[in-house]
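A.B. asks: Please work from the sequences and hints to get the whole structure.
Protein chains in written order, with the working numbering: chain A, 1 to 287; chain B, 288 to 470.
Please note that the accuracy of each hint is not assured.
[As the list claims (entries may be wrong)] Taking lysine to aspartate or glutamate pairs in the DMTMM-like style, the calculated list, with each CA pair at most 25 angstroms apart, reads: (1) B:K398 to A:E70; (2) A:K89 to B:D468; (3) A:K106 to B:D468; (4) B:K387 to B:E333; (5) A:K160 to B:D325; (6) B:K433 to A:E189; (7) A:K89 to B:E452; (8) A:K89 to B:E459; (9) B:K373 to B:D325; (10) A:K106 to A:E267; (11) B:K416 to A:E70; (12) B:K389 to A:E267.
[Claimed, not checked] So the derived list for chain B, only partly shown, Cβ under 8 angstroms to chain A, looks like this: (13) N411; (14) D445; (15) N446; (16) R457.
Treat the hints as calculated values from the structure; they're not laboratory data.
Cβ atoms here follow ideal geometry from the backbone N, Cα and C, with glycine treated the same way.
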Amino acid sequence: MTSDFALQVPAELETALQLKTVQYLVTKRPWLDLYGVNVRPVAPYGSASRRVNVDPALIHRCLPDELLFEVFSRMAPYDMGRAACVCRKWRYTLRNPIFWRNACLKAWQASIYVSRNTYIRAGVREWKVTNPVHLVCYYRYMRFFPSGRFLYKTSGQTVKEVVKCMNFRASKTEGVFSGRYTLTDDKVEATFMYPGLRPTMWRAFLRLRGTTLGANNRLDLLSLSTSKVNSDGMIELEEDILGSVELQEDVISHQRGLAPFAFVPFEEVETSVLNLPVEKMDYYVPG
Amino acid sequence: MSSSTDSPTLTTETTQLSPQPDTETAKPTKKITLKSSDNQIFEVEESVAMEFATVKSFFEDSPSTDTVPLPNVTAKPLSQVIEFCKEQIKFKANPDEAQKKKYNAEFVTEKSDKDLVDMIPVANYLEIKDLLDVLNQAVADRIENKSVEYVRSFFGIDNDFTAEEEAALRREHAWAYEGVDED
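C.D. replies: Shown next, in the form of structure tokens:
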């Protein structure tokens, strides 16, 4: 009987030991799950640092990032620029170039570049000792589209009048010409054809710059030339003007009327100083 | 006895109504109950509830239910969203773009900032795209041409930049500070 009992004890002890090892292996140790996870130290209730986790701003509590995205994508670029200075979260959200790309394309399309040029022409009045002097003012207008097309018009009319016809519906009779441009870094090369029996190619080299960083609100006219081309080169006009036409020798380089273009977004077309008549503004430097 | 007197009146009613174009609205419309997270009950017509894509798909999955729990939505924004959708259905019936635009503009202008911001996640959750567009545009419009300080106080956002960081940011975005409205 005693031997029986003595035999049983180690067996029991063994299972108990086994159980213990199994327990040791199986028992959950939740702190191990936190391995590699940053845990915020718990601040005492009611202390100042306790509130840090909860963003005090209603818009951040209510709106997940993707909805904040939606709001930003509906902002005008100027508002986005200021929104980027509001707080870190907004700043990092607005670093996404997609907002700026969309805003640029919108602004580029919904705007017009205006170059205001004046010159003085001496008039002649008979039987008078003093001769009158005419101050002649005219404008060059350019509107660029993201598709690589642009519209050009020279006119004596002010920007608020001209903007109405600066679209693709406008015909050549309104003096609106459509051509193609390329944009490489800040250099713009633009070309279109004056139609006619012997068409004239208009060609300009321009440079984008800004009065403040990144504004691109000026367009310097580096050079402007026109040249007669043979009409048989006119077939591929729309596709690649430069490659298809045979340039002739008589390239006329224009030295006058090269005032820099100023950027006028459509919402400022009515209020722009460029609308002022010559009597009110006889001198204008776009800066 | 009573049933026999009831039935002729019903038939006369339907014969009167049938020539009119909107016979569908004359039918007793099915009501759907929406339950907000704070246990408020909203009874809306089925056509209104079907404007909510989330509710609609809920019904497609389980057509027999009549109460839809909306655990992410509180009562106040929900009531405003329902109000908006009721109007949109009217515009769907007889389209009038100018009138619709006017209503949408009025709908957002009369709302407080908090109501507006509260409604956005609700519209998003219920997947009402039109309303979401209107609301997001409204929020963007409210801070249009406003100074940074105004936007911060408008949304209750803390300025978490250091003084140097902010000065640098403002230099970088100086172009955006032209022509800002007075606060």
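A.B. asks: Out of the numbered hints, which ones does the structure contradict?
C.D. replies: 5 and 6
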